[in-house]
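S.K.: The lines below spell out each chain.
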Amino acid sequence: MIVQLFGQFFLISLLAFGGGQAALPLIERVSVAQMGWLSPAAFAVAVAFGYITPGPVLMTATFIGYVAAGLPGAIAATLGIFLAPTLLAMGVAAGIERFAQNRWLQAFGRGAAPAVVGLLGATVWSLIQGSVTSWQLAVVAILTLVLASKTAIAPGWLLLGGAIVGWVMGIWR
Amino acid sequence: MTISTQHPPPIEIAGCFLKLGAQGFGGLGAILALLTHDLVERRRWLCEADITEALTYTKLLPGSTVVQVVAYLGWKLRGWAGGAIATAAFLLPAFLVMLGLAVGYRVLSSNVALPLMKGLTAAIVGLLILTIWLLGRKNIASVGGILIALGALIGSAYFGMNPAAIVVASGCLGVLAEAQKEPP
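Residue numbers (this note's numbering), protein chains in the order written: chain A, 15 to 187; chain B, 6 to 189.
You may find that some hints are simply not true.
Stretch by stretch, here's where chain A covers chain B in the computed footprint (C-beta under 8 Å, at least three residues) [unchecked claim]:
hint : region
1    : 18-31
2    : 39-52
3    : 136-144
Bear in mind the hints are in silico, worked out from the structure with no lab data behind them. Every value quoted in this text rests on a predicted model; they were computed, and no experiment measured them. Using N, Cα and C, we set each Cβ at its ideal position, and we do this for glycine too.
Model the full assembly from the supplied sequences, consistent with the hints where possible.
M.R.: Spelled out as structure tokens, the structure:
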């Protein structure tokens, strides 16, 4: 399990062309749909925490590792998602910058990046099916989308707002 | 590319990036501003061009850009050890906070937390739809790109295809498309 956590996140990190957020759909597809380490709802919580905590959004991996296999899992997943990109970045700094500018690597990235966008669509679709089960929750989703794109409110506050709406709706029943 | 003229001792690098890691809220843009303010304006360890250079090169690589910029700048300060220290120190605060949240989640994940999580998930859906739009606008520049994105969506959502295989296959399509072009 620990080896699998490290291995899967290591692989994901190497395929995340387009920055940290590009890894989110891969993480969802692998850890929820493929490996069954956590439920879609728990994945959403992991991503929410990733936005709220300082540092990269990909700290999501730490949460998933912990839910799947405790502290060793958290460490394995965190190392897995950050190790290779860190080494690549230092390698580029050390003077193999021509690697990053390599024509074929860039072409690979140009093909891979749209696929990541499509996978993110699949992730959102699975979250909607599992979690947006009432019109009130659909309003929360649409409102968050509008506020995040039209205002400068930090994502953390929007997520907190969504959680409070959900909580109030829970009391209502 | 050379290591910067400033070589702060490892302990100072660790302390500095530990603090930056704890303050690094708000994603790539906010963190870049924070790094510039602290490393360039306050400590004068690096210059503005170093930050731009770090971003330019790491953007092309797979993985978290924030962490890669930190690793790159750490390397500039003190070589491989500097990069490793800076990255580890930068990630440590977030790791500990996330661990605390995960422990709390495990304790609380009961009926009490369920409605709260539903609201949270709905909000995440909103944020991720925005992310699709932003990533799509940045990365999809051709009809081929649109087809790849749609193919990945359908392949994953309806056929349950392996996501890693989808990304690798799409990357290979990118390479094939490049091979069709005349060499520059």
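S.K.: Against each hint, give a clear statement of whether it holds in the structure.
M.R.: We went through each hint and held it up to the structure:
no.	hint	in the structure
1	18-31	holds (count 6)
2	39-52	violated (count 0)
3	136-144	holds (count 7)
Violated hint: 2 only; the structure is consistent with all others.
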